[in-house]
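What follows is the residue order along each chain.
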Amino acid sequence: MQDFTLSQILVNLLMATKWTIALSAIAFVGGGLAGFVIMLLRISPNPWLRSLSILYIEIFEATPLLMQLFLVFFGLSVVFNLNLSPWLSAAIALTTYSSAFLADIWRGSVEAVPHGQWDASRSLGLAYSKQLQRIILPQAIRMSIPSTVGFAVQVIKGTSLASVIGFIELTRSASSISNVTFQPFLVYSLAAVIYFCLCFPLSLWSKHLEKQFTYSS
Amino acid sequence: MNYNPQFSVVWNNAGLFIQGVWLTFQITGVAIAFGLLLGILGAIGRTSDNRIANGIAITYVEFFRNTPFLIQLFFFFFGLPSIGVRMSPWQAAVLALAINFGAYATEIVRAGIEGIGKGQVEAGLALGFKPFQIFRHIVLIPALGNIYPALVSQIVIAVLFSSVVSQISAEELTFVGNYLQSRTFRSFEIYLAISFIYVALVWCLKAIAFLIQRRFFAFTQYIR
Chain U
1 MQDFTLSQIL VNLLMATKWT IALSAIAFVG GGLAGFVIML LRISPNPWLR
51 SLSILYIEIF EATPLLMQLF LVFFGLSVVF NLNLSPWLSA AIALTTYSSA
101 FLADIWRGSV EAVPHGQWDA SRSLGLAYSK QLQRIILPQA IRMSIPSTVG
151 FAVQVIKGTS LASVIGFIEL TRSASSISNV TFQPFLVYSL AAVIYFCLCF
201 PLSLWSKHLE KQFTYSS
Chain Z
1001 MNYNPQFSVV WNNAGLFIQG VWLTFQITGV AIAFGLLLGI LGAIGRTSDN
1051 RIANGIAITY VEFFRNTPFL IQLFFFFFGL PSIGVRMSPW QAAVLALAIN
1101 FGAYATEIVR AGIEGIGKGQ VEAGLALGFK PFQIFRHIVL IPALGNIYPA
1151 LVSQIVIAVL FSSVVSQISA EELTFVGNYL QSRTFRSFEI YLAISFIYVA
1201 LVWCLKAIAF LIQRRFFAFT QYIR
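Chains as they are written, first to last, in my numbering: chain U, 1 to 217; chain Z, 1001 to 1224.
Mixed in with the good hints, there may be bad ones.
Said to hold, decoys possible - Okay, the calculated bits of chain U under chain Z, using three or more residues with CB under 8 Å as the criterion:
hint : stretch
1    : 11-20
2    : 106-114
Unchecked claim - Each computed SDA-like pair below joins lysine to any residue, with the alpha-carbon atoms no more than 20 Å apart:
hint : chain 1 : residue 1 : chain 2 : residue 2
3    : Z       : LYS1206   : U       : LEU41
4    : Z       : LYS1206   : Z       : LEU1160
5    : Z       : LYS1118   : U       : ILE54
6    : U       : LYS207    : Z       : LYS1206
7    : Z       : LYS1206   : U       : TYR56
8    : U       : LYS211    : Z       : LYS1206
9    : Z       : LYS1206   : Z       : PHE1196
10   : Z       : LYS1206   : U       : ILE105
11   : Z       : LYS1206   : U       : ILE54
12   : U       : LYS207    : Z       : GLU1062
13   : Z       : LYS1206   : U       : GLU58
14   : U       : LYS130    : Z       : GLU1107
15   : U       : LYS207    : Z       : GLY1055
16   : U       : LYS207    : Z       : PHE1063
17   : U       : LYS211    : Z       : GLU1062
18   : U       : LYS207    : Z       : TYR1060
19   : U       : LYS130    : Z       : ALA1218
20   : U       : LYS207    : Z       : LEU1160
21   : Z       : LYS1206   : U       : GLY108
22   : U       : LYS207    : Z       : PHE1196
23   : Z       : LYS1206   : U       : VAL149
24   : U       : LYS207    : Z       : ILE1058
25   : U       : LYS207    : U       : ARG134
26   : U       : LYS211    : Z       : PHE1196
27   : Z       : LYS1206   : U       : PHE101
28   : U       : LYS211    : Z       : ALA1111
29   : U       : LYS211    : Z       : GLU1107
30   : U       : LYS207    : Z       : ALA1111
31   : U       : LYS211    : Z       : LEU1160
32   : U       : LYS207    : Z       : THR1047
Since the hints were made in silico from the structure, they are not lab data. Small disclaimer: the values here were computed from a predicted structure and weren't measured. All C-beta atoms, glycine included, are put in the ideal place defined by N, C-alpha and C.
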């Protein structure tokens, strides 16, 4: 057994935290890009594209993130004979997961834009793409910001599951350190506090934005 | 891609999968029942004028909503024994799920309670209802009707989260998958099948919830 001082434990946990942040950022940005495309399909006038995106969203929202991680990490590597690293598998699974939820959140904001805005912009002779780009999306994006920030918290918490397939981030490193030090109570408490410090400011910010939005509208 | 999937591993172990579904059902059912109780208690604390009760409720909600479920689970299962609290995987799983669910339920129930107008409570007082009767008939039940959709989504999330308790070897559907995977190495077929079982569970749950809403909470459309 190796002796770890409190500060060593904390430094090691904080070093692993940067991978939690990196994975969250990749999942959030990648999920945002994919989610935006899926949201466009979800609100498109074409019923086929709409059904396809509904199916995508409904399936990803109805499976545990853990299963998605297992399917990518164990499943895809067997089927396509790839050797996916935990890092890449986690990034893929978290990106698809975030894309479904973000698409759903943004769909809600687009639908919250009063329908008269569509009618008015069409009556001005704008093409569909211009209606979206100039009239609908600017209003929808403003509305979607509080819940999007709120979802970032879900992504950060979701990255903890990547530890299960062996990606070394905060949770994984907490497990390893607690196995070496035999101090699970201390180590998991510290890890929880670090997660809290990442997530709580975002939650507060999201709540603040929501209030600001309710006052201004 | 020259992989030849063998779904026979799924059909041959159908019994295990069904058992897994039943165990998942039990764990989440018990956890949601306790979590709902916690949520109602938390919401009472959160809406009370008592500063201490309010503070405890806020701390509880914010702490459990801003840390990952996996860390909470590990803390209960691996952390608590070192201060003398020992639990079986099943107990730790139910406890962690219930406390996590309770934190979200607190906020949901609180929103419901705050949605009930003060005038309603005053009307109850004027009619001579006792405080507990007012809470039950005028605050709680109509509030439940209002928050029902949010509660259902949270229950769906609890079902999905329950897959995580396989990590402390609590036996449920995902645990069955891990077990079969380690014996047969048919990871793709098994996890695909389990994913679809979860999808089916969630869709059934949503359908049942919709029927219940139509049957019991149809009155919510009249309160506004």
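How the hints compare with the structure:
Under the rule that three or more residues need a Cβ within less than 8 Å of chain Z, the assignment of the stretch 11-20 of chain U is violated, with 0 such residues. Under a criterion of three residues with beta carbons nearer than 8 Å to beta carbons of chain Z, the stated coverage of the stretch 106-114 of chain U fails, only 0 such residues being counted. Distance check on the hinted pair: LYS1206 of chain Z and LEU41 of chain U sit about 24 Å apart at the alpha-carbon level, beyond 20 Å; violated. Between the alpha carbons of LYS1206 of chain Z and LEU1160 of chain Z the distance comes to roughly 13 Å, so the proposed pair stays at or under 20 Å and holds.
For a cut-off of 20 Å, the pair hint linking LYS1118 of chain Z to ILE54 of chain U is broken: about 40 Å separates their Cα positions. Between LYS207 of chain U and LYS1206 of chain Z the alpha-carbon distance is near 28 Å, which puts this suggested pair outside the 20 Å criterion. For the hint linking LYS1206 of chain Z to TYR56 of chain U, the alpha-carbon distance of about 17 Å falls within 20 Å, and the restraint holds. Restraint check: the Cα-Cα separation between LYS211 of chain U and LYS1206 of chain Z comes to about 30 Å, which exceeds 20 Å; the hinted pair is violated.
For the hint linking LYS1206 of chain Z to PHE1196 of chain Z, the alpha-carbon distance of about 15 Å falls within 20 Å, and the restraint holds. A C-alpha spacing of about 19 Å is found between LYS1206 of chain Z and ILE105 of chain U, which places the hinted pair at or below 20 Å, so the restraint holds. Distance check on the hinted pair: LYS1206 of chain Z and ILE54 of chain U sit about 15 Å apart at the alpha-carbon level, within 20 Å; holds. Between the alpha carbons of LYS207 of chain U and GLU1062 of chain Z the distance comes to roughly 12 Å, so the proposed pair stays at or under 20 Å and holds.
About 11 Å separates the Cα atoms of LYS1206 of chain Z and GLU58 of chain U, which keeps this hinted pair within 20 Å; it holds. Restraint check for LYS130 of chain U and GLU1107 of chain Z: the C-alpha separation of about 40 Å exceeds 20 Å, so the hint is violated. For the proposed pair LYS207 of chain U and GLY1055 of chain Z, the alpha carbon gap of about 18 Å is at most 20 Å, so the pair holds. The suggested pairing of LYS207 of chain U with PHE1063 of chain Z holds, with an alpha-carbon distance near 15 Å, which does not exceed 20 Å.
Our distance criterion of 20 Å between C-alpha atoms is met by LYS211 of chain U and GLU1062 of chain Z, whose separation comes to about 18 Å. Distance restraint check for LYS207 of chain U and TYR1060 of chain Z: the Cα-Cα separation of roughly 17 Å lies within the 20 Å cut-off, and the hinted pair is therefore satisfied. A C-alpha spacing of about 41 Å is found between LYS130 of chain U and ALA1218 of chain Z, which places the hinted pair above 20 Å, so the restraint is violated. Between the alpha carbons of LYS207 of chain U and LEU1160 of chain Z the distance comes to roughly 25 Å, so the proposed pair goes past 20 Å and is violated.
Distance hint between LYS1206 of chain Z and GLY108 of chain U is fulfilled; the C-alpha atoms sit about 19 Å from each other, no more than 20 Å. Of the supplied pair hints, the one linking LYS207 of chain U and PHE1196 of chain Z is violated, its CA atoms being roughly 35 Å apart against a limit of 20 Å. With a CA separation close to 26 Å, the supplied pair LYS1206 of chain Z and VAL149 of chain U exceeds the 20 Å bound. In summary, the hint linking LYS207 of chain U to ILE1058 of chain Z is supported, as the alpha carbons are separated by about 14 Å, within the 20 Å threshold.
Proximity of LYS207 of chain U to ARG134 of chain U is assessed by CA-CA distance (about 27 Å); at most 20 Å being required, the pair is judged violated. Taking the CA atoms of LYS211 of chain U and PHE1196 of chain Z, the gap is near 39 Å; set against the 20 Å cutoff, the hint is violated. Taken as a hint, the LYS1206 of chain Z and PHE101 of chain U pair is honoured in the structure, with Cα atoms around 17 Å apart against an allowance of 20 Å. A distance of roughly 15 Å separates the Cα atoms of LYS211 of chain U and ALA1111 of chain Z; the hinted pair therefore holds under the 20 Å criterion.
For the hint linking LYS211 of chain U to GLU1107 of chain Z, the alpha-carbon distance of about 16 Å falls within 20 Å, and the restraint holds. Taken as a hint, the LYS207 of chain U and ALA1111 of chain Z pair is honoured in the structure, with Cα atoms around 14 Å apart against an allowance of 20 Å. Straight-line distance between C-alpha atoms of LYS211 of chain U and LEU1160 of chain Z comes to about 30 Å, which puts the hinted pair past the 20 Å bound. Distance check on the hinted pair: LYS207 of chain U and THR1047 of chain Z sit about 18 Å apart at the alpha-carbon level, within 20 Å; holds.
Checked against the numbered hints given earlier, the structure breaks hints 1, 2, 3, 5, 6, 8, 14, 19, 20, 22, 23, 25, 26, 31 and satisfies all the rest.
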